[in-house]
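Peer 1: Quick mapping for you: the protein sequence lines, in order, are chains D, A and P. If you're matching positions, the first sequence starts at 1 in the numbering used here and goes up one per residue. If you're matching positions, the second sequence starts at 1001 in the numbering used here and goes up one per residue. If you're matching positions, the third sequence starts at 2001 in the numbering used here and goes up one per residue.
In short, the hints are calculated from the structure, not lab data. Each residue gets a CB set at the ideal place from its N, CA and C atoms; glycine is no exception. Some hints here could point you the wrong way.
[Stated by the list, open to error] Which residues of chain A face chain P? A partial, calculated answer using Cβ under 8 Å:
| no. | residue |
| --- | --- |
| 1 | G1037 |
| 2 | S1038 |
| 3 | A1061 |
| 4 | E1102 |
| 5 | V1103 |
| 6 | P1104 |
| 7 | A1106 |
| 8 | L1112 |
| 9 | W1115 |
| 10 | Q1116 |
| 11 | G1138 |
| 12 | D1141 |
[To be verified] Computed footprint of chain D on chain A, listed as stretches where at least three residues anywhere in the stretch have a Cβ under 8 Å from a Cβ of chain D:
| no. | segment |
| --- | --- |
| 13 | 1012-1026 |
| 14 | 1040-1052 |
| 15 | 1091-1097 |
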Amino acid sequence: MQVCTEAISLEATGFCDIRDITPEVERMLRERGLIEGSVLLFVGGSTGALTTIEFEPGAVADLRAAIERLLPQAIPYAHDARWGDGNGFSHVRAALLQADLEVPVAEGNLLLGTWQQIVFCDFDNRSRRRKIICQLRGRFD
Amino acid sequence: MQVCTEAISLEATGFCDIRDITPEVERMLRERGLIEGSVLLFVGGSTGALTTIEFEPGAVADLRAAIERLLPQAIPYAHDARWGDGNGFSHVRAALLQADLEVPVAEGNLLLGTWQQIVFCDFDNRSRRRKIICQLRGRFD
Amino acid sequence: MQVCTEAISLEATGFCDIRDITPEVERMLRERGLIEGSVLLFVGGSTGALTTIEFEPGAVADLRAAIERLLPQAIPYAHDARWGDGNGFSHVRAALLQADLEVPVAEGNLLLGTWQQIVFCDFDNRSRRRKIICQLRGRFD
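Work out the full structure: start from the sequences and follow the hints.
Peer 2: Structure follows, in structure tokens:
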């Protein structure tokens, strides 16, 4: 087994911007030749998270609505009172959805379901360039 | 270190069916002889999730009640409006609870607590056969 | 690649005690000499969880408030009705936030963001000594 640490870079707009990163992860797999093992994805930052979902506009809108309902943007946050960042909601959302996601790989493919994509959720309150760590581990060709 | 990718298959009834899969994971460990490392469990599909809980009827009922309270079945979902699947609630629940879980192994045992089991949560709106990826990684005997 | 399984021990007070364990994880990395790979952290027990957050009092208070709002302590739990433990809320919180967290490592460092710390959340209803499994995997020096 070997390990190889890469990163995916993307522009995201914040405010629960949900982005399909499956094609980038698949491209990295093929370029590096991982045959069997896994990909660890990790957001190095405290206002983003990773999960999987059927990436179609309906399910994505439903996820955004659920997050807003459970962890509203427009309530007072102690983080904002202390630092004036205005992104207290972003921190709580990221802590609950979490920074890490691991997807198994076999025969050179991500073992996702047919209607399942890997998504990055940008919860911050501004646009920015984001970097997602993408660590491949296992048996390479 | 080596890697070995297997799957657990089970019938689940959907609608927040919570199933203890610890015995199947333990049996796989013993059959394959993993001594030290970890098991990555992954639901290849967008209406199921994995977590750990004390698997007794009370705690399981509490988890089901919390999920229904936070992410109700009977509210409108954009996914249903677009596709008519009727399982919009399933997708949001699965995205929040997440498809991956990793449990460390040492001396041939899962490092779970005494009252902690690995559970598969089937959030779909129908019965079906489910497959959970079970990838063993580490030092085998 | 090699694997090495350790544990972090700490006293925690329960009731959503959120503790920064990043320094202990970093110390373990350096002692063991992990260069590239990852650290799998795991709570062996069903009333604790792991995540990352900007560990400053405001954001931590916001996370505690969100958890209490979403999964209140003072509602009836079936677990308590059956067992009289009084920690039904602890189990549901732990199942939703989850026992596992994995952080990638490269060039001997955790790939966390500048304002991102690893936290253990003790959701139980009493003080106790807690053990967090800390498994290092990858290329060591």
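Peer 1: Now, for every hint given, state plainly whether the structure supports it.
Peer 2: Going down the list of hints, with the structure as the test:
1. At its closest, the beta carbon of A:G1037 sits 5 Å from a beta carbon of chain P; the interface hint therefore holds under the 8 Å criterion.
2. At a threshold of 8 Å, the smallest CB-CB gap from A:S1038 to chain P is about 6 Å, leaving the interface hint in force.
3. The restraint placing A:A1061 at the interface with chain P holds, with a minimum CB-CB distance near 4 Å, inside the 8 Å limit.
4. A hinted interface residue such as A:E1102 counts as satisfied when its beta carbon comes closer than 8 Å to some beta carbon of chain P; here the least separation is about 5 Å, so the hint holds.
5. At its closest, the beta carbon of A:V1103 sits 7 Å from a beta carbon of chain P; the interface hint therefore holds under the 8 Å criterion.
6. The interface hint given for A:P1104 holds, since its Cβ lies 5 Å from the closest Cβ of chain P, which is under the 8 Å cut-off.
7. Contact between A:A1106 and chain P, as hinted, is supported at the beta carbon level, the nearest pair being about 4 Å apart and thus within 8 Å.
8. About 6 Å separates the beta-carbon of A:L1112 from the nearest beta-carbon of chain P, less than 8 Å, and the hint is met.
9. Because the closest C-beta pair between A:W1115 and chain P is about 6 Å apart, less than 8 Å, the hint holds.
10. With a least beta-carbon distance of about 4 Å to chain P, the hint placing A:Q1116 at the interface is held under the 8 Å criterion.
11. Here the hint on A:G1138 is kept, as its CB sits about 5 Å from the closest CB of chain P, short of 8 Å.
12. With a least beta-carbon distance of about 14 Å to chain P, the hint placing A:D1141 at the interface is violated under the 8 Å criterion.
13. Under a criterion of three residues with beta carbons nearer than 8 Å to beta carbons of chain D, the stated coverage of the segment 1012-1026 of chain A fails, only 0 such residues being counted.
14. Using a Cβ-Cβ cut-off of 8 Å, 6 residues of the segment 1040-1052 of chain A lie near chain D, which meets the minimum of three, so the contact claim holds.
15. Figure legend: the segment 1091-1097 of chain A, annotated as covered by chain D; annotation consistent (5 residues with Cβ-Cβ distances under 8 Å, at least 3 required).
The structure shown violates the earlier hints numbered 12 and 13.
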